[in-house]
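Protein chains: 2
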Amino acid sequence: MISSRQTILRLFQYRKFLARVKASGLVSVYSATLAEASGATAEQVRKDFSRFGLSGNKKAGYKVDDLLGQLDELLGKGKPQKVIIVGAGNLGRALMRYEGFPKEGIEIAALFDNDPLKYNSELQPQIFPVERIYEFAVANKIELGVVAVPYHSAQQVLDLMVLSGIKGVLNFAPIYLKAPKDIYVHNMNVNLELETVAYFVKNRES
Amino acid sequence: MISSRQTILRLFQYRKFLARVKASGLVSVYSATLAEASGATAEQVRKDFSRFGLSGNKKAGYKVDDLLGQLDELLGKGKPQKVIIVGAGNLGRALMRYEGFPKEGIEIAALFDNDPLKYNSELQPQIFPVERIYEFAVANKIELGVVAVPYHSAQQVLDLMVLSGIKGVLNFAPIYLKAPKDIYVHNMNVNLELETVAYFVKNRES
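Chains A and B, in that order, give the protein sequences. So the first sequence is residues 828 to 1033, counted in my numbering. So the second sequence is residues 828 to 1033, counted in my numbering.
Errors might be hidden in some of the hints.
Identical chains share a label here; the pair holds if one copy fits it or two copies do between them.
[As the list claims (entries may be wrong)] Computed list of lysine-lysine pairs in DSSO-like fashion (alpha-carbon distance at most 27 Å, straight line): (1) Lys1029 to Lys1008; (2) Lys874 to Lys1029; (3) Lys930 to Lys909; (4) Lys890 to Lys968.
Don't read these hints as lab results, they were simulated from the structure.
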């Protein structure tokens, strides 16, 4: 079964909401509540659940614990996921300290940069020269990478990641990266997204 | 004419690529080149251009200068756009220094935080208490805001932004925000996106 990015993103959204609900002590939720919390319609929630065989009772609601367990299994959570970040500038370092990652089992294994002033083996995670990506990624079986370098070096970094066995990439550089078909790249273009928000604001008013 | 976010995002992508091409001295480009640089198909590029009345010659290619001018007009570039960032943590400060913004005419007017240790009126942009958002946004006619606070205070910040006249928001907090219909909110959920990349990597291999 092939799922779209949007669908999987929604499942992760449900999961995150359920984890918060569970922490608050609630034991069951309705699809309408899940929908409201994720910006989907209740119909969409039920459709997603039936598609992935997530069970519940429409009238009595879904049991939070059950649903969370089913989603964890479906989404393969539980095992920590190791990620490297290439680029130890402001953005790379902000991501390094991002409070949301440890909670979700995402472990930043190391950062890499080409500026010797940024190398730091006392910090946790350590910051290494870019030349060490291959060695590090292979030795630590890293499959996930974040590109947080300026646009002019982003393609080179991606190529190096691919060579090093990385299969999935989150790209923050404002450029479209070319990658082999079996590599999954998702672009997070802060600049373009903010310009697009500005465009819709402007064109709504006029 | 109502355009989807994806379409407008593509136009900004074309524009950014053309600006780089222009800087490199090239005077004309083909739709295939534009397509390759933005991850779209050449057909999609031509469709976008014909939809927005962007003119060119299929055989001789598009004139870079002309096309850039037409896109600038269409996208309303030229006038600087003022943005406030709420949350002066790692992410907020990384965005504050983001090199891409000035180039695109995006001006970070101020940051806001609820931690007095972060207030700073000597820094440029200044960092103010959250209570001053309303006063500042109204006085400076700010219409764009970035939410870079932890998830538990994000909805409160958004409500305050809406009250202060902000119409478009880029949200980095890992939570779905409820906003009135005339407010445009786009979510940049680093966490969920990275988890989604990890999911696709895992499910491609098995």
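Hint check against the structure, violated hint numbers in rising order: Violated hint (a single one): 4; every other hint is consistent with the structure.
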